[in-house]
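Peer 1: Each chain, written out:
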Amino acid sequence: MEWIKADTLTPVTLHVNGHRYRAAIEPRMLLSDFLRQECGLTGTHVGCEHGVCGACTVLVNGEAVRSCLMLAVSVTDAEITTIEGLARHPDFPAVYQAFTENHALQCGFCTPGIVVSAMAEVVGCKKQEEEIVDVLSGHLCRCTGYHGIMSALRQLT
Amino acid sequence: MKPSAFDYIRVDTLDEALSVLADSDLEAKVLAGGQSLLPMLNMRLARPKTLVDINRLAALATLGRVETDLAPTRGNPTINRGSTTFLEVGALVRQRQLERYALEEPRSRLIHTALTYVGHPQTRNQGTVGGSLAHADPSAELPLLFLTLGGTAFMRSTRGERQVAVEEFFQSYFTTAIEPDEMLTKTLWRLPAPEEGIAFKEYRRRHGDFALLAAACTMKIGRDRTVEHLRLGLGGVADRPLLVDEVRGLVGEHWTKEGVRTVAEAVVNRLDFADNYQASSSYRRQLATVLISSVLDAAYEDATAKEENHGVDQG
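Residue numbers (numbering that gives the first Met the number 0), protein chains in the order written: chain F, 0 to 156; chain E, 0 to 314.
Please note: incorrect hints may appear among the correct ones.
To be verified - Taking lysine-lysine pairs in the DSBU-like style, the calculated list, with each CA pair at most 30 Å apart, reads:
#, chain 1, residue 1, chain 2, residue 2
1, F, Lys4, E, Lys305
2, E, Lys1, E, Lys48
3, E, Lys305, F, Lys126
4, E, Lys1, E, Lys28
5, E, Lys256, E, Lys305
6, E, Lys48, E, Lys28
7, E, Lys48, F, Lys4
8, F, Lys4, E, Lys256
Source of the hints: derived by calculation from the structure; they are not laboratory data.
Let the hints inform the model, and build the full structure from the sequences given.
Peer 2: Okay, structure coming up:
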C-alpha cells in the first residue's frame, strides 16, 4: 500500500517513450499535465479535459487512452508512449504521408491524438469501415476534416 | 478543469482496499478505470477526501463462463428459469476486454453489441465494467444490459461478502446498493440461451454520447411461436434503468403488431417524460414508443430465426 498525502509534492518516476522521467508532483496531477509540464512533451494536446475531444490520447501499455482521465501517480508501473515516441516508429512515415496526401489535417490541434489512435488501432489492423469510424469517433476535429481523415485511415489499414 | 486535492492510496491487496473503505474518516472513493470519476474530479463535481486506487488488484480482472444454480432473478417471473449459465465479470475487467471476449462468444452477442455504444475505443480501453455499474448513470448502456440480462452483484467489505440481485442493485441517479464501506468485486451476468432472441437499440445525437433512450430485450419463443418469456429494459427514461412489467401481456400470446403497440403505449403512458436539455417531453415520448416497438420486433425476429434453425438442427 502506498499513501500519498494531498498537498505534498512526492517524487514519482514515469516511463515515457523509453525514458525515465522523475518529478515531484501532487497526487491530483493528470497524466496529460505530467507529460506536458514535467516531461516537456507538448505534442500531447489538452482540449476538453473531460475525455470527450481525444486530443490528449496517448498509449499506456500499448492501448490508446485519454491522458486527461488518468492520474500520473497511477501509472508509475506502465509504459507510456506519446506522439513524440511514435514519431520514431517505423510505421510513422506512412501515416505522415497518408495524412498529407488526403488533406487529413488543417489546424493540426487534434492530429497528434488521432495519429496515436490510428497507430494503435488502425495501421496494419485490417479494420472494417465501421471499426475505423468507431476509432475516429473518439476524436473531435473542429476544422471538420473527417472525410480527409477517414480517407487517410482507410489507406493505412 | 483540474481536480481538487485528495489523498491518494494505492492498494496491493483487496484487504487493504477494504480496510481503507472501512475507515469512514477517510471518506474514500474507489478509483478503477476513472472514465466516469476523472471527468467528475476535473470538473469538481466530485471532491473526495481520499482516492483508493484498485488498478493493481489483478485478481479482480477475471472473466469467464460459470455454471451455477444461483437464483439471480428473485421476484421476476419473466426470466427463463432453465438457464444457469453466467458470465463472471471481475469488477476490474476493462470494457474493451469484455468487448473482445464477447465478440468470440456467441452467447455474449448482446453484450458485444451494447459495448460498441459505450463511449469510444479509447475510453473502453481504460474504463472498467465494475466502474460503470457502480457509477450507475441512468442512461449508461452497461447498467441497462446487466438489468435486462439478469444477474447478481457481489460486494465485499471488512464485514464480509454480500450478494445483491440486479433488480435491487440500481436504486436511483448514480446510486446503487453498494454501501460506503463496500466494494463491488464481481458481477454474474445471465447469458441468453442459444435459441433466445436478443436486441439492443439506442438513440443518441452522436455516437458515444449518453443515450437519449436505449432499450434491450431478450425473448424466448416456443415451437408454436408464442412468447415463453421476455425481458425488456429501458435506459435514459428514469432515475435508473428499468425493467418493463407491461411485457407480461405478451407472454403466452402470438406476436401481433397490435400487441406490441399496446405494450409500447402502456409503457409510455405510465412513465414520466419530462423536458430535458436534449429533447422535449413530447419528442421523448414519441421516441420511446418507436424504440420500444422496434426493439421488441427485432428480438422477436431474432428469436424466430433462431427457433427455425433450432428446429432444422433437431430434424
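Peer 1: Hint numbers the structure violates, sorted upward?
Peer 2: When the structure is compared with the hints, numbers 1 and 8 turn out to be violated.
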